[in-house]
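Protein chains in written order, with this note's numbering: chain S, 244 to 358; chain H, 324 to 438.
Rather than coming from a laboratory, the hints here were simulated on the basis of the structure.
Don't take every hint at face value.
Claimed, not checked - With a Cα cut of at most 27 Å, we get these calculated DSSO-like pairs of lysine-lysine: (1) H:K324 x H:K340; (2) S:K321 x S:K300; (3) S:K285 x H:K380; (4) H:K430 x S:K300; (5) S:K326 x H:K380; (6) S:K285 x H:K324; (7) S:K285 x H:K394; (8) S:K300 x H:K324; (9) S:K285 x S:K326; (10) S:K321 x S:K285; (11) S:K326 x H:K430.
What the hints assert, rightly or not - Derived list of chain S stretches under chain H, where covered just means 3 residues or more per stretch with a C-beta under 8 Å from a C-beta of chain H: (12) 278-287; (13) 298-308; (14) 336-347; (15) 350-358.
Just so you know, these numbers come straight off a predicted model, no measurement behind them.
Glycine included, C-beta positions come from ideal geometry on N, C-alpha and C.
The primary structure of each chain is shown beneath.
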Amino acid sequence: EPEVTQTPSHQVTQMGQEVILRCVPISNHLYFYWYRQILGQKVEFLVSFYNNEISEKSEIFDDQFSVERPDGSNFTLKIRSTKLEDSAMYFCASSVHGPESGELFFGEGSRLTVL
Amino acid sequence: KNQVEQSPQSLIILEGKNCTLQCNYTVSPFSNLRWYKQDTGRGPVSLTIMTFSENTKSNGRYTATLDADTKQSSLHITASQLSDSASYICVVSPNSGGGADGLTFGKGTHLIIQP
Numbered sequence: 244e245p246e247v248t249q250t251p252s253h254q255v256t257q258m259g260q261e262v263i264l265r266c267v268p269i270s271n272h273l274y275f276y277w278y279r280q281i282l283g284q285k286v287e288f289l290v291s292f293y294n295n296e297i298s299e300k301s302e303i304f305d306d307q308f309s310v311e312r313p314d315g316s317n318f319t320l321k322i323r324s325t326k327l328e329d330s331a332m333y334f335c336a337s338s339v340h341g342p343e344s345g346e347l348f349f350g351e352g353s354r355l356t357v358l
Numbered sequence: 324k325n326q327v328e329q330s331p332q333s334l335i336i337l338e339g340k341n342c343t344l345q346c347n348y349t350v351s352p353f354s355n356l357r358w359y360k361q362d363t364g365r366g367p368v369s370l371t372i373m374t375f376s377e378n379t380k381s382n383g384r385y386t387a388t389l390d391a392d393t394k395q396s397s398l399h400i401t402a403s404q405l406s407d408s409a410s411y412i413c414v415v416s417p418n419s420g421g422g423a424d425g426l427t428f429g430k431g432t433h434l435i436i437q438p
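Just chain S, with the same shape it has in the complex (with noise of 0.2 Å):
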């Protein structure tokens, strides 16, 4: 079965450095989210891509963070100069539709901890 895979599973990093989390939606999919679940909280979203362009995005994802889609395959996440506070699970999630009525799928999750 079609799976939206994320690389890596784990990373630590230090505070200041530069992350990039990586996922490959399922491949027929259009509409590309990442989100992310501080431990023991609420999933929040963070930004949502369609048609190779940002289609909405919270007030979480401010000028630090930046996505994506270098290739027809890769959509990633980037954060600039992480801070403590960016320690999180980020699920990449993908649909064939738009996220109001379609099933989002989303990956495994990349673990980022940031020291």
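Given chain S, put chain H in place with the hints provided.
Showing chain H alone in chain S's frame:
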């Protein structure tokens, strides 16, 4: 502000027993409601998605019900198995073009199945 409240926060039951998890929401107008299962340290996996016109939907031993008038949903798990131990997250999508940022996530119910 749209909210999704889930109860109980956590639940422990014996293997083989049934249980019911609750989700109350204030999202209006409402498009659909989704239940996800999230194993510890993994990404959420879709169990059911119900539109406002559906009262019940089953997926194996999982049955979701929806009362759009009272804005309540429940997830019933029959004959629980150890593998059902997970967090169960209720997500509500508004019918207002809010996109991915409009999806409102609950904090989840943490279910533990004991042998």
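Each hint tested on the structure:
{"no.": "1", "hint": "H:K324 x H:K340", "verdict": "36 Å, violated"}
{"no.": "2", "hint": "S:K321 x S:K300", "verdict": "14 Å, holds"}
{"no.": "3", "hint": "S:K285 x H:K380", "verdict": "24 Å, holds"}
{"no.": "4", "hint": "H:K430 x S:K300", "verdict": "21 Å, holds"}
{"no.": "5", "hint": "S:K326 x H:K380", "verdict": "42 Å, violated"}
{"no.": "6", "hint": "S:K285 x H:K324", "verdict": "16 Å, holds"}
{"no.": "7", "hint": "S:K285 x H:K394", "verdict": "20 Å, holds"}
{"no.": "8", "hint": "S:K300 x H:K324", "verdict": "18 Å, holds"}
{"no.": "9", "hint": "S:K285 x S:K326", "verdict": "20 Å, holds"}
{"no.": "10", "hint": "S:K321 x S:K285", "verdict": "22 Å, holds"}
{"no.": "11", "hint": "S:K326 x H:K430", "verdict": "24 Å, holds"}
{"no.": "12", "hint": "278-287", "verdict": "holds (count 4)"}
{"no.": "13", "hint": "298-308", "verdict": "holds (count 4)"}
{"no.": "14", "hint": "336-347", "verdict": "holds (count 7)"}
{"no.": "15", "hint": "350-358", "verdict": "holds (count 4)"}
Checked against the numbered hints above, the structure breaks hints 1 and 5 and satisfies the rest.
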